[in-house]
Amino acid sequence: LKQKPDFVYGAKGMHDYITTPLKKLGIAVYLSDANSIDAVLKEITYMGDYTGHSEQANQVKQKIQQTFAVVAKKVSGQKPVTVYYEVWNTPYMSAGKNSFISELISSAGGVNIFDTLEEEYPMVSEEAIISRKPEVMLIPDMENETIASIQKRNGWQAVPAVKGNRVYFISSDICSRPGPRITEALLLIAKDLYPTVSFDDVN
10 LKQKPDFVYG AKGMHDYITT PLKKLGIAVY LSDANSIDAV LKEITYMGDY
60 TGHSEQANQV KQKIQQTFAV VAKKVSGQKP VTVYYEVWNT PYMSAGKNSF
110 ISELISSAGG VNIFDTLEEE YPMVSEEAII SRKPEVMLIP DMENETIASI
160 QKRNGWQAVP AVKGNRVYFI SSDICSRPGP RITEALLLIA KDLYPTVSFD
210 DVN
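For the sequence shown, my numbering assigns the number 10 to the initial residue and increments by one for each residue that follows.
Calculated from the structure, these hints are not laboratory results. In this text, a Cβ means the ideal position worked out from N, Cα and C, and glycines have one as well. Watch out, some of these pointers could steer you wrong.
Stated by the list, open to error - Calculated lysine-lysine pairs in the BS3-like style (CA-CA distance at most 27 Å, straight line):
#1 K72 x K82
#2 K83 x K161
#3 K200 x K88
Claimed, not checked - Label-pair ranges, simulated between beta-carbon atoms:
#4 A157 x I27: 20 to 30 Å
#5 D209 x E136: 37 to 47 Å
#6 D210 x K33: 47 to 57 Å
#7 E135 x S115: 34 to 44 Å
#8 I27 x S63: 37 to 47 Å
#9 Y101 x A157: 32 to 42 Å
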């Protein structure tokens, strides 16, 4: 407040408590709830309009949409890869059907093994993960896991992703934050799912 802002951008759930006191001070507040690709695009439009940068926001949106279209074309015809995305491991949490991460996986040509669960980020059991036999595992780098630590998990040696050395550690900063960098997240995932497909011309 010492900087006397006119506008405060926060995250829904995390920053709900600041809304009322800031509004009483005459400060506008926007709490992001971008839990899907479409929601990210709508938020970019809103922020562009609010800040007087509608044209720039529209350019960002178009670039995102073009990138998604190009990636979709490149992975079309590829054999769908089953994917386990590990949000957390104490307890185990993954990405459910209604999460933007699950949408990123499907946009990259993959099949989220927990896309039948409605919750955004459900707790799951080790047995459920192992029984679904994911071909690829995506683990945010903030977990401090290694290939060796994954291999030591009880029963995980039989998981196709572990057997086939297809456990990938991805940037949590890029992949866990819905925003304009979702194209970077999409490309990171697509490259891990389809290492033989060239994405060098996608930018």
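Hints, verified against the model:
no.	hint	verdict
1	K72 x K82	holds (15 Å)
2	K83 x K161	violated (35 Å)
3	K200 x K88	holds (14 Å)
4	A157 x I27: 20 to 30 Å	violated (42 Å)
5	D209 x E136: 37 to 47 Å	holds (40 Å)
6	D210 x K33: 47 to 57 Å	holds (52 Å)
7	E135 x S115: 34 to 44 Å	violated (24 Å)
8	I27 x S63: 37 to 47 Å	violated (27 Å)
9	Y101 x A157: 32 to 42 Å	violated (19 Å)
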